[in-house]
Amino acid sequence: DTAVSQTPKYLVTQMGNDKSIKCEQNLGHDTMYWYKQDSKKFLKIMFSYNNKELIINETVPNRFSPKSPDKAHLNLHINSLELGDSAVYFCASSQDPASSQEYEQYFGPGTRLTVT
Amino acid sequence: AQSVTQLDSQVPVFEEAPVELRCNYSSSVSVYLFWYVQYPNQGLQLLLKYLSGSTLVKGINGFEAEFNKSQTSFHLRKPSVHISDTAEYFCAVSEWGGGFKTIFGAGTRLFVKA
Chain A
1 DTAVSQTPKY LVTQMGNDKS IKCEQNLGHD TMYWYKQDSK KFLKIMFSYN
51 NKELIINETV PNRFSPKSPD KAHLNLHINS LELGDSAVYF CASSQDPASS
101 QEYEQYFGPG TRLTVT
Chain B
1 AQSVTQLDSQ VPVFEEAPVE LRCNYSSSVS VYLFWYVQYP NQGLQLLLKY
51 LSGSTLVKGI NGFEAEFNKS QTSFHLRKPS VHISDTAEYF CAVSEWGGGF
101 KTIFGAGTRL FVKA
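Protein sequence lines, in the order shown, are assigned to chains A and B. Per my numbering, residue 1 is the first one in the first sequence, and the count goes up by one each step. Per my numbering, residue 1 is the first one in the second sequence, and the count goes up by one each step.
Hint data in this document are derived by calculation from the structure and do not stem from the laboratory. The C-beta atom is built at its ideal place from N, Cα and C for all residues, glycine as well. Please note that the accuracy of each hint is not assured.
[Unchecked claim] Away from chain B, derived, C-beta distances all over 10 Å, residues of chain A: (1) Leu27; (2) Ser48; (3) Pro61; (4) Ala72; (5) Leu83; (6) Gln101; (7) Gln105.
[Claimed, not checked] Calculated cross-link-like contacts (lysine-lysine; reagent style BS3-like; alpha-carbon spacing at most 27 Å): (8) A:Lys36 to B:Lys101; (9) B:Lys58 to A:Lys41; (10) B:Lys113 to A:Lys40; (11) A:Lys67 to B:Lys101.
[What the hints assert, rightly or not] If you want a taste of the chain B side facing chain A, the calculated C-beta under 7 Å gives, among others: (12) Ser30; (13) Tyr32; (14) Tyr39; (15) Gly43; (16) Leu46; (17) Gly99; (18) Phe104; (19) Ala106.
Use the sequences and the hints to build the structure in full.
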């Protein structure tokens with residue numbers, strides 16, 4: 001069973017379109033994250049949710065809107081896509097750092113977004 | 001503010017040779033330290049972590065790392081690498097400060113040659 005899954009794996013779209021990436025985890029974790037990995041492999045946190053509530057919102061354009069319908073899902077919707085949005089987006093999950101000593105994160109396989 | 005510096009962007013090494021991937025961090029509070037590995041076209045997976053206690057931690061696939069508080073370092077080592085160790089390696093630092101935050105280094109590409 002896949003612990004953290006993302007769909008789609010690849011996403012090719014044109015500038016100006018709106019797209020969504022879905023993430024699901026079956027680890028029973030309370031905390032989920034979205035990361036962006038650029039072409040130089042640099043990994044940057046975008047959002048963090050704990051029990052469906054937004055905890056961390058780094059400097060990300062408001063065209064990016066995360067949505068957490070329940071603890072096991074954290075989706076990422078992107079409006080008006082731009083060329084600079086091309087990257088690999090990783091979803092991750094962990095136990096709640098405030099109540100657990102297990103701080104490691106479990107990552108999904110990534111979604112490679114290409115904006116043309 | 002915290003930062004993580006991985007001093008080498010690429011490390012080429014021959015098979016069965018030892019390797020060290022360097023990581024330094026800056027933080028004003030207690031930190032938790034991690035090494036993750038990313039194989040091509042995959043997500044990151046945990047190699048090892050330091051939370052507290054013994055400064056030498058052992059991880060999967062024969063890797064180990066040593067936490068050095070005075071030098072604010074957490075270097076990753078393996079005594080004998082295999083071709084299959086070719087991957088991107090990320091050092092990460094977590095701390096409490098306005099929430100629990102994790103920052104990743106820029107990554108080190110380990111390339112093992114036959």
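Here is how each hint holds up against the structure:
no.	hint	verdict
1	Leu27	13 Å, holds
2	Ser48	8 Å, violated
3	Pro61	20 Å, holds
4	Ala72	17 Å, holds
5	Leu83	22 Å, holds
6	Gln101	7 Å, violated
7	Gln105	7 Å, violated
8	A:Lys36 to B:Lys101	15 Å, holds
9	B:Lys58 to A:Lys41	25 Å, holds
10	B:Lys113 to A:Lys40	22 Å, holds
11	A:Lys67 to B:Lys101	20 Å, holds
12	Ser30	12 Å, violated
13	Tyr32	5 Å, holds
14	Tyr39	11 Å, violated
15	Gly43	3 Å, holds
16	Leu46	5 Å, holds
17	Gly99	6 Å, holds
18	Phe104	4 Å, holds
19	Ala106	5 Å, holds
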